[in-house]
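Order-wise, the sequence lines are chains W and D. Quick note on numbering that gives the first Met the number 0: the first sequence kicks off at 0 and runs consecutively. Quick note on numbering that gives the first Met the number 0: the second sequence kicks off at 0 and runs consecutively.
Hints are supplied without guarantee of correctness; some may be wrong.
Pairs of lysine-lysine residues, derived as BS3-like cross-links and limited to a Cα-Cα distance of at most 27 Å, are as follows [what the hints assert, rightly or not]:
hint : chain 1 : residue 1 : chain 2 : residue 2
1    : W       : 3         : W       : 114
2    : W       : 45        : D       : 101
3    : D       : 94        : W       : 5
4    : W       : 114       : D       : 73
5    : W       : 53        : W       : 114
6    : D       : 103       : W       : 12
7    : W       : 83        : W       : 3
If you are wondering where the hints come from, they were derived from the structure by calculation, not from laboratory data. Please read all numbers here as calculations on a predicted model, not as lab measurements.
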Amino acid sequence: MEQKTKIAAENGKHDLMITREFELPLDLLFRAYIDPEVIGEWMTSKVVKLENKKGGSYQLEKKDDNGNVVFAAGGVIHEFIPEKKIIRTFEMANAPAGVQLEVYQFERLTDDTSKLTMHVIYESVAQRDQVMGWGFAPGINMAHDRIEKFMSTVK
Amino acid sequence: MNLRRDVFQAIADPTRRAILLLVASQAMSAGAIASNFDTARPTVSKHLAILTECELLSQEQNGREIYYHINATKMKEVADFIEPFRKMWDDRFNKIEAIMKKYKTK
Chain W
0 MEQKTKIAAE NGKHDLMITR EFELPLDLLF RAYIDPEVIG EWMTSKVVKL
50 ENKKGGSYQL EKKDDNGNVV FAAGGVIHEF IPEKKIIRTF EMANAPAGVQ
100 LEVYQFERLT DDTSKLTMHV IYESVAQRDQ VMGWGFAPGI NMAHDRIEKF
150 MSTVK
Chain D
0 MNLRRDVFQA IADPTRRAIL LLVASQAMSA GAIASNFDTA RPTVSKHLAI
50 LTECELLSQE QNGREIYYHI NATKMKEVAD FIEPFRKMWD DRFNKIEAIM
100 KKYKTK
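Next up, chain W with everything else stripped away, as it sits in the complex (with noise of 0.2 Å):
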């Protein structure tokens, strides 16, 4: 079965593509990034600001039940084109991920689907890699070579 999410990291670079196909028809989809309730919905974060225009801001803030905030994220809108195009900012805070550029492509397939493109460009290949959990791969490589030589010696 064809995946519905695909995703197209190349090594070495410092950025990612991010498709997905919504049985959704576009405004719909659309909605889901615009619409302050709906994406507390999904984010399960409240949205405490959300200015859906060029060189607006966005903030979101998830607290546990004693009123702590667990999860703080937010950035800057730079581009803001209804029912095609979001190029935002996003940064959490108090995490060392960095601060990633999001441009959202949306688009109409059908009258019931609608399809989303998010190229995402972090600020370092190193920060990209650890973001998706490919900070691991040396190690994983060098598990790999002590088993390589503890074998040749057994031989």
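Starting from the structure of chain W, add chain D where the hints point.
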């Protein structure tokens, strides 16, 4: 000393990806693989050496020719590497889809 090559470095190259696609359907000799590319034969040989070194391809002597096979296990390992990250996004998008379908019927 022969340093282990990075698998991701190996698959980042478009020619090497093309070679993997080609060999995925059937084992082929170096000559047969090279005949599919305009690139000079030694260049193709170098690509084959890199792919073999990082175990994406394995060699098998067949008469006078060496045949290259795809190493499915290693290929899967490479694909799996990105899988947790892809799954995370897939789950998130599935959630959006489910939530928005609710609004659709309203």
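Hints versus structure:
1. 3(W) to 114(W): Satisfied, since the Cα-Cα distance of roughly 10 Å is no more than 27 Å.
2. 45(W) to 101(D): At roughly 20 Å apart (the allowed maximum being 27 Å), residue 101(D) and residue 45(W) satisfy the hint.
3. 94(D) to 5(W): holds, 16 Å
4. 114(W) to 73(D): Measuring from Cα to Cα gives roughly 32 Å; hence the hint is violated.
5. 53(W) to 114(W): holds, 22 Å
6. 103(D) to 12(W): Distance of about 39 Å is beyond 27 Å: violated.
7. 83(W) to 3(W): OK: residue 83(W) and residue 3(W) at ~20 Å, within 27 Å.
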